[in-house]
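Q: With the hints as extra help, turn the sequences into a complete structure.
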Amino acid sequence: MSLDFTDLEVGRGEEKLVGSPYRRLEDPIFITKGATYVGDLEFDDIAHISFVRSPVASANLKNVDVSEALGQPGVIAAFTAKDIEIPAIINWINKVIERPFLAKDKLRFVGEAVAMVIGETKAFAEDACEFVNIDYDLTTPIIDPRQSANNEVSLFEGCTSNIVASIEGGQVAQIGEVRIEAEFVNQRLAPCPMEGRAVVATIDGEMLTVYISNQAPHSAKRSIIRYLSIDEGNLRVITPDVGGGFGSKIGTYPEEILVPYIARKLNRTCRWVETRSESMVSLGHGRGQIAKVTLGGDRDGKIRSYCLSVIQDCGAYPEIGANMPALTRWMTSGCYDIDSVDFNSISVLTNTNPTVAYRGAGRPEAAYAIERAVDMFATEIGMDKAEVRFKNFIDPKNFPYQTKVGSTYDCGNYEESLRRVLKLANYDELLVDKENRIKDKSDLLLGIGISSYVEITHGFPAKEFGSVELISGGKLSVKVGTLSHGQGHRSAISMIVRDVTGVDPCNIDFYQGDTELIESGVGTFGSRSMQSGGVACKRAADMLVTKAMEFLSNHLDVDLDKVEFSWHEGGQFSVGSMCLSWSDLYRLAKNEGKVLKASENYESSSPTFPFGAHLAVVEVDVETGKVHLRDMFAIDDAGNILNPLLAKGQIHGGLAQGISQALYEEFIYDQDGNPLTATFADYGFPTAAEFPQFRDELMQTPTSVNELGVKGIGESGTIGATPAVVNAVMDALSVYGISHIDMPLSPEKVFSAIKIAKRSK
Amino acid sequence: MQIRLKVNGEAMNFDVEPRLLLVELIRDHVRLKGTNIGCDTTSCGACTVLIDGHSAKSCTVLALQADGCEIITIEGIGTIEKLHPMQEAFYKHHGLQCGFCTPGMIMAGISLAGELDNPDESEIRLGIEGNLCRCTGYNNIVEAIKSGLSEMKQLSLSATSESQLYPKDADK
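Just so you know, the protein sequences line up as chains A and B, in that order.
If you read the first sequence in my numbering, its first letter stands for residue 1, the second for the next number, and so on.
If you read the second sequence in my numbering, its first letter stands for residue 1001, the second for the next number, and so on.
Honestly, the hints are just simulated from the structure, not real lab data.
Note that the structure is predicted; figures quoted are calculated from it, not measured.
Backbone N, C-alpha and C fix where the C-beta goes; we use that ideal spot for every residue, glycine too.
Be aware that a few hints might be false.
To be verified - A few chain A residues that face chain B, going by a derived Cβ cut-off under 8 Å, partial list only: (1) Leu25; (2) Asp27; (3) Pro28; (4) Lys33; (5) Phe131; (6) Arg276; (7) Ala689.
A: Given below as structure tokens:
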């Protein structure tokens, strides 16, 4: 029961750690005292910020009056747009579009920050918010992205339309004997990290320190510098433990820049910890994509042409969400070798919360579209859904494979992953069970859903920083520019460094998320961290060993080739019969006033393309429309696996989010733009009772893109699971001739579809 | 208003506002930050603690209502040197990622010891329905709780009282 690392089943002695299910180094503190999030940090004399948010989706803002709020007990200050002296954020896509830090002249979505109240306690600030009066004239909101595209009036003056970005294309010739046309909606989702946004800003003379719950602290620093016009040397950004992000914490939100702004204005430490209700309406949403697909194929099962046409809902201000179609485009044709492929998209504004990246970010949408379309094609030509996939997969011999939209897949073996998942699930027996239930006229129909996915990770290969330094006692200090917010990077990277240096992970001090300690960094998103920061740390560790050997050769005045290093027994340097440890090296270097340190800014040459096959088994109760996910099988390939315990953890979490999109989650606005799912009591956040134990196995096809042979594993589960589950439900409902129902597949929707189908028979 | 309660075995007195929630008392007055606040609709369970041996969402209880009660939080069940079997199980089974739901989840898991005898997978899933996790898909949490409960049973530990909660030789 004691936490002694010697009782670990793996990782001792003379075996490599990489590849073993090494337990997380993060956990001992997390399970005894809890992690330390921004909201847990204690400061003297701290002031609390609370935001007043727009209650309406679209209005001309006439006046915001905080005078009554200022008179409330415990209120320090209150601000509106006219008090904020920083210029509005010029949009990155369209420079005509400006986002004010607090709403000015117009209200554009429910939840947009309008005013802020600063109180001696959070309760005082929240109470006083009730006394802020917003005077506005309602205008007609645009909520449906389809309407937005054709709407004559734009959300922004100076814009001629609500289309803010587009990708041309879609002139693909339709080939084949069979033509499948369908529209699929990827509904809006709330990312729901368990910890919402949180910021503390402290002032010490000229120095500003900002603690923030974010996935990319160095870019948060750049944003704060830009808008606060502060010298780089006077700003330190720290991310303590971060309670999840899922893409929603990549960017820096206006509220997060206002906190340090107000702290400087008041010369006082300020904190904002968002409530769940405000997080639901103003932390960026995910998905929000409407896709039209046209698939052409022959009756022998060969897919000949495929065209994907997308409308992306950006919400009221174009953030990262506006760019999601570019990621969708990369993955248009999925795992298949198709002669003719094309893609086009528009990104449009609506009076809703802006969309951002959410786990999978554009790739789940692509996988969903093609995997649904392939199933419809199989149904149309009466072919088994696995067989049609086998007929169209890219041949494993043809990698690297360039797709028709220009992506270059590094490696893959889609046939093998599908074969393995069919075996794991006992596919043939499932087919028999399904047919028997139909014959027996059972009220519980069985549905089997397959999805073969390929996705892109580290899609924008940017440089990432890693360094390894020998410190007192022969320990190592490792610094990295990526930012774990639950993934367990400390463990994974310490394992990599240990296998190079021999230094036990318990003797590795790991640093991330501090712009003062880590000279540069990009952060963690797009499943990039191990193939960027992980490789950087591996290279830095290799260089440190070389530097240490060179130092020893100089120190002892012997030829470098007489110095040997072995990672065994904690790392041993030997010269003839003399044997030295890292601790010895540290002492020798220190005596000469030298520091043994190596750093690397590693830039990967290209993205990687993880893949896999998922299989969902559902039971659909035709009397109630309820879908019960009985089993979820998953084979996922992310190349070499650093730690199967962590990799599987990532897959499980991804599967849950993917399944949940298929069955439960949807962020709903009514036609006036009022959010109907703005709390955990209304939103379909899944509980443990909604899932079976997942049955997953890892497959390993190493990439040659990086020397670790690793691809990303953070999002795969989400990408494969959604189409697998929807395909399973449609498979069950095929007896009624139902070909598609948009997600989430609630009992109400399924029941209605069955009712309509029965009536029309 | 004056209240008196025990937190992790230590008797404490507080003068509290009537509207103060137990979770705020624990976090801001007792200054134990392991218990988290994850929502405002008593849905997520990140604030789960044991009150007189029963799991409760401490955001749903007024500090006043806890007058005279015995509260156990994540900080009160084990230490890094001597983990509670449920903590050990979460560690072994990788039952946590970002860690935000973890303290509440561990407390919810412990409380099942008093509610269910040898629960199967689906009983555990229903038993922790009030605790939300966004990272793990619950897979390893369920594994962890199953193994933690079986270990607790072997050691004759229960959640119902402080004296029975700890392993006999554990340091508090």
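Q: For each hint, tell me whether it holds in the structure or not.
A: Taking the hints in turn, this is what the structure says about them:
Hint on Leu25/A is violated. Least Cβ distance to chain B is approximately 11 Å, over the 8 Å limit. Nearest Cβ of chain B to the Cβ of Asp27/A: about 5 Å, under the 8 Å cut. The hint holds. A distance limit of 8 Å between C-beta atoms decides the matter here; for Pro28/A the minimum to chain B is near 5 Å, and the interface restraint holds. Interface hint at Lys33/A: satisfied, since its Cβ lies 5 Å from the closest Cβ of chain B, which is below the 8 Å cut-off.
The criterion of a C-beta within 8 Å of any C-beta in chain B is not met by Phe131/A, whose closest approach is roughly 18 Å, and the hint is violated. Hint status for Arg276/A: holds, given a least beta-carbon distance of 4 Å to chain B, under 8 Å. A hinted interface residue such as Ala689/A counts as satisfied when its beta carbon comes closer than 8 Å to some beta carbon of chain B; here the least separation is about 5 Å, so the hint holds.
Violated hints, listed in ascending order, are 1, 5; each of the other numbered hints is respected by the structure.
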